[in-house]
Amino acid sequence: MKKEAKTLTVLRLKLIPDDVRISIGDEGVYSPEELIIHVNKEDKIGKKVIKIESEYLKFLEQQ
Amino acid sequence: MKKVLITRPNHNVPTQYFYYWSKKIIETAKLMEMDVLDLKVEMANKKAFDKAIKSNPAFVIMAGRGHFKKAKMADNEILIEQEDCGKMKSKTICAFLSKSAEGLGEKSVASGATAYIGHDDDFILCCAPQKRSDPLLDEMAGFFLDPLRALVEDVLRGKTANISTEMAKKALKENIKKAGNSKYDFIAPYLLWNMKHLKCIKKERIKLLLFILIFSMVFTNAISFCLDLATD
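Chains as they are written, first to last, in our numbering: chain L, -8 to 54; chain G, -10 to 221.
The shape of chain L in the complex, shown without the other chains (with noise of 0.2 Å):
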């Protein structure tokens, strides 16, 4: 995994708003903070996060 990715990732999370919580699916309900810590270990909800920000950066690429 490209640690630039990471690195915005980590960085895009931690604009998020504390009371804001974001519910993935079948895996949990997290708040912004619980979700840089999966990202910096790099577990599957952290894989998961990186993807989507990584994706939305390929999009705003090709609008």
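Don't read these hints as lab results, they were simulated from the structure.
Worth double-checking, as some hints may not be accurate.
To be clear about the criterion: a stretch of chain L counts as covered by chain G if any three or more of its residues have a C-beta under 8 Å from a C-beta of chain G, and this derived list gives those stretches [to be verified]:
(1) 8 to 15
(2) 26 to 39
List of simulated lysine-lysine pairs, DSSO-like, C-alpha gap at most 27 Å [stated by the list, open to error]:
(3) K162/G <-> K191/G
(4) K49/L <-> K159/G
(5) K167/G <-> K(-3)/L
These numbers were taken from a predicted model, which means no experiment stands behind them.
Idealized CB from N, CA, C, for every residue including glycine.
Position chain G against the provided structure of chain L, taking the given hints into account.
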């Protein structure tokens, strides 16, 4: 009178939101003089679902916990799984269950369902449950749920499953732009994810898969036949 079966559990954040958001779907169905079989909260269970499905509803709207092969409610109770998909014959299904489109969806359509609309990966919802006591006032969640509510209402009003899904994808794309230019810009990646993974499974797709399978089998046999001839 057409019947609509809707399951509305209310046991976690996403189902709580859908529980409230689907009230308008129920109002629309009633305005269209449809008979609504509303399995809400504890009634969203297998026993009640099996009883309701026997009354042959034209539309089945399911919210709950998703799985590739199953729809689950509270306490992991399985509502329906691939082996039971025959029950979905002649029904249009809108499923707000993560990952269910590929497995449960394709099997349902192969077993005779008219169409299955759902996600083929995790459905994501960004919301602020602590800030808003009423989920309907949560503007952020509206970006995710309004297009899906409109999708179901379009299906009930008689639009085809394909057109309704495409319109929902278009609405999600507009919401990505709107969110991107608002204080909610951080939700745009998640809206894009949901848009990409929203699928409409219809018989045509199953037929196409069967055609590809049969064609590849014939093609493989033809190649091996030619190779046999060449070696002889």
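Going down the list of hints, with the structure as the test:
Check on the stretch 8 to 15 of chain L: 7 of its residues sit with their Cβ under 8 Å from a Cβ of chain G, so the three-residue criterion for coverage holds. Given a C-beta distance limit of less than 8 Å, the hint that chain G covers the stretch 26 to 39 of chain L is violated, as 1 residues qualify and 3 are needed. Between K162/G and K191/G, the direct Cα distance comes to roughly 23 Å. Compliance with the 27 Å bound is thereby established for this hinted pair. Our distance criterion of 27 Å between C-alpha atoms is met by K49/L and K159/G, whose separation comes to about 19 Å.
At most 27 Å may separate the alpha-carbon atoms for a hinted pair to count; K167/G and K(-3)/L meet this at roughly 26 Å.
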